[in-house]
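Student: The chain contents come next:
Protein chains: 2
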Amino acid sequence: MNVTIRGRSRHFRTVAFDAPSNSVQLIEQRLLPHTFQVVSLANYRQTACAIKDMVVRGAGAIGATAAYGLAQGVRTFRGRNLEKFAKHTEIVFQTLKSARPTAVDPVNAMNQVLRVMTSGETVEQRQSLALAAAEEFANEDVQHCTELGRHGMKLIRSGMNILTHCNAGWLAFVDIGSATAPLYAAQAAGKSFHVYCDETRPRSQGATLTAWELAQQKISHQIIADNAAGHFMQRGKIDLVIVGSDRTLGRTGEVANKIGTYTKAVLAKRHGIPFYVAIPLSTIDWQMRSGFDIPIEERAESEVLGAWGITSRGRREYIRVANPGSGACNPGFDVTPAELITGIITPAGIFKPAELWSHRKQLGFV
Amino acid sequence: MNVTIRGRSRHFRTVAFDAPSNSVQLIEQRLLPHTFQVVSLANYRQTACAIKDMVVRGAGAIGATAAYGLAQGVRTFRGRNLEKFAKHTEIVFQTLKSARPTAVDPVNAMNQVLRVMTSGETVEQRQSLALAAAEEFANEDVQHCTELGRHGMKLIRSGMNILTHCNAGWLAFVDIGSATAPLYAAQAAGKSFHVYCDETRPRSQGATLTAWELAQQKISHQIIADNAAGHFMQRGKIDLVIVGSDRTLGRTGEVANKIGTYTKAVLAKRHGIPFYVAIPLSTIDWQMRSGFDIPIEERAESEVLGAWGITSRGRREYIRVANPGSGACNPGFDVTPAELITGIITPAGIFKPAELWSHRKQLGFV
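Heads up: the sequence lines are chains A and B, in that order. Per this note's numbering, numbering of the first sequence is gapless, rising by one per residue and ending at 366. Per this note's numbering, numbering of the second sequence is gapless, rising by one per residue and ending at 1366.
It is possible that part of the hints are untrue.
One-sided excerpt, in silico: chain B residues whose CB lies under 8 Å from chain A [unchecked claim]: (1) V1039; (2) Q1234; (3) G1236; (4) A1307; (5) N1330.
No lab work stands behind these hints: they were computed from the structure. Since we're looking at a predicted model, the values are computed, not measured. Glycine residues also receive a C-beta, built at the ideal position from the N, C-alpha and C atoms.
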């Protein structure tokens, strides 16, 4: 998407690769929304660190970063010995994999690169194929989000007020995003609408990342406390809800997403407001049989007990908000049952959650 | 309630009066939970400023502060001329009233003091009656909260997990509080239970004031993001919800309270969890016929766009969290319909919201 820097608009991807310098280029997301900076990572170890330290986050974005990181790593191998090359490749793979040990996207992305590579007969061919495969992975991510947006924009009419939660935006993918894709596509089609961004405590990705994205695209928006959406729904001020998903169960249509998503789905149901989940196909879990089996990450108490931001002196600081003697409980995700979800927006079209399983071939069931 | 200072527990009221020095004593709530300090206000102008600047907040607490402030002001009059005394009294009254022009509690409290005063025949008698009436107002506030707690504690069984929202605690009253009264009474009766405090963005009164109160009373508690309560209800981790109210409609049973209350009521209904509202009788509005007529205060955007807390250097600071270019929408309250409320806990007993009107005589209908 476009970013305006010193008054000039320029296109950026969240993740890119510069072949001449063999470097991975990432938007430094930890500095957003207060500073926009692209960091250049000179070798695969630096790329692994960037994944680990959350310079980049979001399923699509870390998948593409790992794919590029693998290509970056294998391209530095010197020699013609295929066996030594395979050993080197394995070290690169493991280094990148261990950067986010519980995430499945980097591994899936790197496996896709490995499969393509093996068709090469020489080290040089394999190095070249690795980069081509990583580029293809990133381009596919963009293409999927584009198609998702094309389907999702049909839900948006001019004058609508749309609620979104957390950041399933282009910063979480290579470009365009999932929950934001219908917004960007609708805007490009000339529709005008207003977006309410849940601030999305405790990490505030709605107030920081989604609001930043929408501001860059000049989409009308306001940030609201997570507490306020129910009131707005009651007063008829929200017409549509679109959120992303970290894992969608193909068998049941249940959706795991950022904590608070379930609450918004319950409220939308009460008020008869359409509630949509936008997902890339890689997010569908075809194996798991119940949402109660999805592990819910328990995150650090400090996230709930305070906040990160910019002081009046312009310094980025963490402040403790809560009573010093008190602890917190901080589940990172919740699970929304299929009955609360109007539809699931995918690159292959919009489906009722209960229909995912019967359309599994079309949806890339593996 | 008791506050522990340097290892020693001591009883405090939120608002008190020291007759020898003619000063109003307030807990400085803006410094909580990080610093506990009692400020002494030497004259009625200082007391009015303390109300205006929110050293003290909460319906019961600002009512008692204004009552004491009126007594404090009239006690400084020198002379025997009743007409001049009446003029002086009027100045004191208006000064205190204008400190929070939209609040009804200071005016009601001061009118109660005025009614008692007029039975005195001399200036000296009226001065003495004013203080007695202010003391009685404060004691009545405590007594009402005590009775409310006695009724409400019957809802609490040992082992329960109880959710509360915002701060309807003793800091919002002279002592004991409304939503917290059943907790303190149940604890005194030997029941053990756990409280989840919604942090209550954007002003975080749950994470700061309620958590501080519960920590002082050694009641087991944890702070949660406002987004997390739905997940906990879904997983069977919440047995009871108790909140306060800023205005309860006697005719319909609708409840206006801190933004986010409605959301919790909708979630509780879905999960069959009892949802109670604890109120002093002064909160009941017998005139208004629809919750949609309750004016919803639109508060400053900065509350949503950032947070107040303590930096690593121990300084109290506001930080900007949100994207600098984005605005916010910040309704301060929402309205919960009667159908979502299991019962209303009052000093006169627990009533179904729809029963308030038929019990109006018992509930102080005026």
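Student: Work down the list of hints and note, for each, if the structure agrees.
Tutor: Evaluated hints:
A cut of 8 Å between beta carbons decides the hint on V1039 (chain B): the least distance to chain A is about 20 Å, and the hint is violated. Evaluation of the Q1234 (chain B) hint against chain A yields a held restraint, the C-beta minimum of about 6 Å falling below 8 Å. For G1236 (chain B), the suggested interface contact is broken, since its CB lies about 11 Å from the closest CB of chain A, more than 8 Å. Annotation: interface hint on A1307 (chain B) holds; nearest CB of chain A at approximately 4 Å, less than 8 Å.
Annotation: N1330 (chain B) was flagged as interfacial toward chain A, and the flag holds, the nearest CB pair being 7 Å apart, inside 8 Å.
Going through the hint list in order, the structure does not satisfy hints 1, 3.
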